[in-house]
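Q: Protein sequences, first through last, are from chains X and D. Per our numbering, residue 1 is the first one in the first sequence, and the count goes up by one each step. Per our numbering, residue 1001 is the first one in the second sequence, and the count goes up by one each step.
In case anyone wonders, no lab produced these hints; they're calculated from the structure. Heads up, the beta-carbon is just placed ideally off N, CA and C, and yes, glycines get one too. Watch out, some of these pointers could steer you wrong.
Stated by the list, open to error - Think about it this way: if two alpha-carbon atoms lie no more than 20 Å apart in a straight line, the pair counts; the simulated EDC-like pairs of lysine to aspartate or glutamate are:
1) K12/X with D1319/D
2) K1166/D with E68/X
3) K77/X with D1319/D
4) K1169/D with E68/X
5) K1166/D with D78/X
6) K1095/D with D1319/D
7) K77/X with E1261/D
Claimed, not checked - Sample of chain D residues facing chain X (criterion: CB under 10 Å; computed from the structure):
8) V1192
9) P1208
10) E1262
11) F1271
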Amino acid sequence: MSKNYYDSDDLKKFGNITEWSPEIGDNFFKYYNSVFEKGALPVKEKALIALSVAHVVQCPYCIEAYTEESIKNGAEKDEMMEAVHVGAAIKAGSALVHGVQMMNKGNKIIM
Amino acid sequence: MATKSLKARKSQLSDTQRQLVILNEKPFNGTLPTFKAKLDLHNLDLKPKNLEIFQINLGYMCNQVCAHCHVDAGPDRKEMMSKENLEKCLDIIKKHKIKSVDLTGGAPEMHPLFRWFVEKASAIGIEDFIVRSNLTIIVANKKYYDLPDFFAKHNLHIISSLPFYKKEKTDRQRGKGVFDDSIKALKMLNKVGYGGAGKLKLDLVYNPGGAFLPADQQNLELDFKTSLKEEYNIDFNNLFTITNLPISRFLDFLIASENYEEYMHTLVNAFNPAAVENVMCTNTLSVRWDGYLYDCDFNQMLDIKVDSKCNHIDLFDYDNMKDRNIVINQHCYGCTAGAGSSCQGTIA
C-alpha cells in the first residue's frame, strides 16, 4: 500500500469499488457511463464540464482522467483552460457572494 | 519536430530488435500480462480467415516526416519495391482473385512505377483498390497535380490521413504546412468526384496526437464532417480512427516523453476481447518492398515475418498462408484496445 493519500495508480483500480458492494457499484458505473455518452450535449462538452468540476472539487484522479478525455475528444488547450477558469470563477464567486451576507449583517448591527 | 527518419538519425530504435527487446521488458516482465497471456486468459486464439486484403508496401520514401509514423518513413528512406516484385504481386492478385488491394508506403505515389502498377492491377478487376495517400503529395510537385484525375480514372479508393480538422494539431503531428496542403488536396479530390455519394470513395484516418486512445469513431466523424464542411466545403465518406501502436517513431516519442509504461497500461486495461476476432491480421497479408510477407504492416515494421517457410512472394502459397500461426507481441494490444483498431478503423 502506498504511503501517500493519493496514488495515481489507484485511478486504475476505480472499477474495483464494486467488489465490496457489487450492486450499488454496478449501478453507479452504469449511471456514470450513461452520463458521459453523447446526448443533448456533445461528448467533448461533457468532458470539459467534468474537467472544470474536477478542478473545483480538487480531485487529482478526475483532473488526470478528464484532461485526457478532453484532449481525446478534440478539445484545444485554450478551451480546457477556459473550462478551468469557469470553475475557478464560480468557486471564487460563490465565496465572494457571501460578502452580501456579511454586508447585510454588518449593516444591521453597525450604528 | 524531427525532419529525418530514426534510421537517418542513427537512433537505436531504428533497430527492430531493440524495439522488440523494449516491448518485452518492463512492464511486461511481471506487472502486465503479455499479449499471449491475455489471449489465453480469455481463451482466445488468432487464426487467419480468408485472405481479403493484400497490402503492398511500395517503399518507405515519403515527402513527410510525421512524428508518430510507425514506418519511420521520410524523404531519406530509399527502400523501394522492384519491378520484378511488383509483377509477382500482380500474379498473386490475379491468380487468387484478391478482393482488396491496399497500396501503402511511405507515399506510394512517389514510387516511379506507381502509375504503371495501378494500370496493370486495375485491369485485373479488383473489387476494392485502395491507395493510402498522405494528401500533401498531390500538391508537392507539378508532376503529381493530376493524381486526383488518375485516381478517379482507375476508381481507386483513397484513404488519407488527416489527424485533425484544425491546423495546429495536424501540423504538430505531421509537419508545418501539412494542414493547408491537405485541405488543397482534399478540394482537388472533391472536384473530380471523390467523397460524395458517387462511387469514388474518400475516407480519412484520424490517429491521436499523443499518448491516448482515439475517441469514439462515430462522434469524431461527425465533428470532422461538420467542421470540414462548414469551414472548407469539403466532403468525405468515412472517418477511420486508428490507435497509435508503440513502435518506431511513436515508441520513440513514448520513451522520450516518459509515457511508455503508462501508455502500455492504458492499452492493456482497455483490452477488448470482442475486438480480437476482427483484427486485421486475420484477413490481411502485408508485403514488404523486398517481397517478404508479414501478418500486418506493424509486424512488417518490426520485421516479424509470417511464421512459414513460404514467407516471401517468390514462395507464395495461399493454403499455407491460411494455415499459418499469426505472430504476436506486445504491440498487438494496440489493435485490441477499446473499440479496436485496424487500417479500416474500429473493429468492435
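Q: Honestly, which of those hints from before does the structure not fit?
A: 1, 3, 7, 8 and 11
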